[in-house]
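**Q** Work out the full structure: start from the sequences and follow the hints.
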Amino acid sequence: NAGVTQTPKFRVLKTGQSMTLLCAQDMNHEYMYWYRQDPGMGLRLIHYSVGEGTTAKGEVPDGYNVSRLKKQNFLLGLESAAPSQTSVYFCASTQTVLSYEQYFGPGTRLTVT
Amino acid sequence: GENVEQHPSTLSVQEGDSAVIKCTYSDSASNYFPWYKQELGKGPQLIIDIRSNVGEKKDQRIAVTLNKTAKHFSLHITETQPEDSAVYFCAASSNDYKLSFGAGTTVTVRA
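Just so you know, the protein sequences line up as chains A and B, in that order.
Take the first sequence: its position 85, counting from 1, is numbered 85 in my numbering, and each next residue is one higher.
Take the second sequence: its position 1, counting from 1, is numbered 1 in my numbering, and each next residue is one higher.
No lab work stands behind these hints: they were computed from the structure.
Ideal Cβ positions, reconstructed from N, Cα and C, are used throughout, including at glycine.
Wrong hints could be hidden among the right ones.
Stretches of chain A that chain B covers, calculated by requiring three or more beta carbons in the stretch to come under 8 Å of a beta carbon on chain B [claimed, not checked]: (1) 44-53; (2) 88-94; (3) 104-113.
Computed Cβ-Cβ distance ranges for the label pairs, DEER-style [said to hold, decoys possible]: (4) A:VAL12 with B:SER28: 37 to 47 Å; (5) B:ASP96 with A:LEU22: 21 to 31 Å; (6) B:ARG51 with A:GLY53: 29 to 39 Å.
One side only, chain B facing chain A, incomplete, derived with CB under 10 Å [said to hold, decoys possible]: (7) VAL4; (8) TYR32; (9) PRO34; (10) TYR36; (11) GLN38; (12) GLY43; (13) GLN45; (14) ASP49; (15) GLN81; (16) PRO82; (17) ALA91; (18) SER93; (19) LEU99; (20) PHE101; (21) ALA103; (22) VAL109.
**A** Listed below in structure tokens is the structure:
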């Protein structure tokens with residue numbers, strides 16, 4: 001079991017460029033999440049999904065879009081990157097049946113210049 | 001929405017001593033309070049959680065206490081070891097699956 005994997009691990013973008021972060025989980029989890037982590041601010045929820053084909057906004061959704069076309073994948077898109085989106089992005093998933101423990105990926109460090 | 005405050009932001013302890021991290025929450029409907037540990041370069045990992053129908057929970061050297069009336073909960077680590085050095089996050093939720101995290105506490109255990 002790989003658990004939760006994230007691609008890429010690092011990325012540098014110029015302002016205005018677009019990119020997609022990929023999250024994949026092999027645990028058959030229903031719920032998936034995208035967070036951003038900034039110094040002194042903890043983890044803030046960007047978007048989440050409670051099942052294949054569904055997405056919902058979290059605490060800080062502006063400037064991001066997501067898609068959950070397959071149960072195991074959750075994509076986070078930045079259409080026009082801004083320096084304020086420089087952050088470490090974490091994906092997580094949870095099964096919701098026996099436990100609501102969230103399993104996190106290793107993170108993607110994104111720098112927007 | 002839920003607002004979770006966490007203190008202190010940094011904590012340095014001598015190996016073998018205890019460490020205590022405190023969190024407060026604003027939403028009285030919150031009923032699930034997990035704690036996550038994040039080691040350098042990794043994603044957070046659940047270490048212990050507590051529900052609002054329980055006042056205290058222990059797992060070896062780690063314990064969590066909850067005071068619903070005061071809306072605060074705490075993480076206690078006893079007999080700290082170097083491997084306890086990490087960033088710790090508290091979180092609160094009223095529906096189990098959507099968490100609001102505190103800002104984190106960086107714990108350093110001095111040998």
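**Q** Hints first: check each against the structure and report whether it holds.
**A** For each hint, the structure was consulted:
1. Counting residues of the region 44-53 of chain A whose beta carbon lies closer than 8 Å to any beta carbon of chain B gives 4, which meets the minimum of three for the stated coverage.
2. Counting residues of the region 88-94 of chain A whose C-beta lies closer than 8 Å to any C-beta of chain B gives 3; at least three are required, and the coverage claim holds.
3. Counting residues of the region 104-113 of chain A whose C-beta sits closer than 8 Å to any C-beta of chain B gives 4, which meets the bar of three, so the coverage hint holds.
4. A beta carbon spacing of about 44 Å between VAL12 (chain A) and SER28 (chain B) agrees with the range 37 to 47 Å that was offered as a hint.
5. For the pair ASP96 (chain B) and LEU22 (chain A), the supplied restraint of 21 to 31 Å holds, since their beta-carbon distance comes to about 26 Å.
6. Taking the beta carbon of each, ARG51 (chain B) and GLY53 (chain A) are about 31 Å apart, inside 29 to 39 Å as hinted.
7. The beta carbon of VAL4 (chain B) comes within 8 Å of a beta carbon in chain A, closer than 10 Å, and the hint placing it at the interface holds.
8. For TYR32 (chain B), the suggested interface contact is upheld, since its CB lies about 7 Å from the closest CB of chain A, less than 10 Å.
9. A hinted interface residue such as PRO34 (chain B) counts as satisfied when its beta carbon comes closer than 10 Å to some beta carbon of chain A; here the least separation is about 7 Å, so the hint holds.
10. Contact between TYR36 (chain B) and chain A, as hinted, is supported at the beta carbon level, the nearest pair being about 8 Å apart and thus within 10 Å.
11. For GLN38 (chain B), the interface hint holds, the least distance from its beta-carbon to any beta-carbon of chain A being 8 Å, beneath 10 Å.
12. Residue-level restraint check for GLY43 (chain B) holds (minimum Cβ-Cβ distance to chain A is 3 Å; threshold 10 Å).
13. Annotation: GLN45 (chain B) was flagged as interfacial toward chain A, and the flag holds, the nearest CB pair being 7 Å apart, inside 10 Å.
14. For ASP49 (chain B), the interface hint holds, since its Cβ comes within 10 Å of a Cβ in chain A; the closest pair sits about 8 Å apart.
15. With a least beta-carbon distance of about 23 Å to chain A, the hint placing GLN81 (chain B) at the interface is violated under the 10 Å criterion.
16. With 10 Å as the threshold, the beta carbon of PRO82 (chain B) stays out of range of chain A, its nearest partner Cβ sitting at about 22 Å, so the hint is violated.
17. Checking ALA91 (chain B) against chain A: minimum C-beta separation of about 8 Å stays under 10 Å; hint holds.
18. For SER93 (chain B), the interface hint holds, the least distance from its beta-carbon to any beta-carbon of chain A being 8 Å, beneath 10 Å.
19. The restraint placing LEU99 (chain B) at the interface with chain A holds, with a minimum CB-CB distance near 7 Å, inside the 10 Å limit.
20. Hint on PHE101 (chain B) holds. Least Cβ distance to chain A is approximately 4 Å, under the 10 Å limit.
21. Hint on ALA103 (chain B) holds. Least Cβ distance to chain A is approximately 4 Å, under the 10 Å limit.
22. Below 10 Å, beta-carbon pairs count as interface contacts, and VAL109 (chain B) has none with chain A, the closest being about 21 Å; its hint is therefore violated.
Hint compliance for this structure: hints 15, 16 and 22 are broken, all remaining hints hold.
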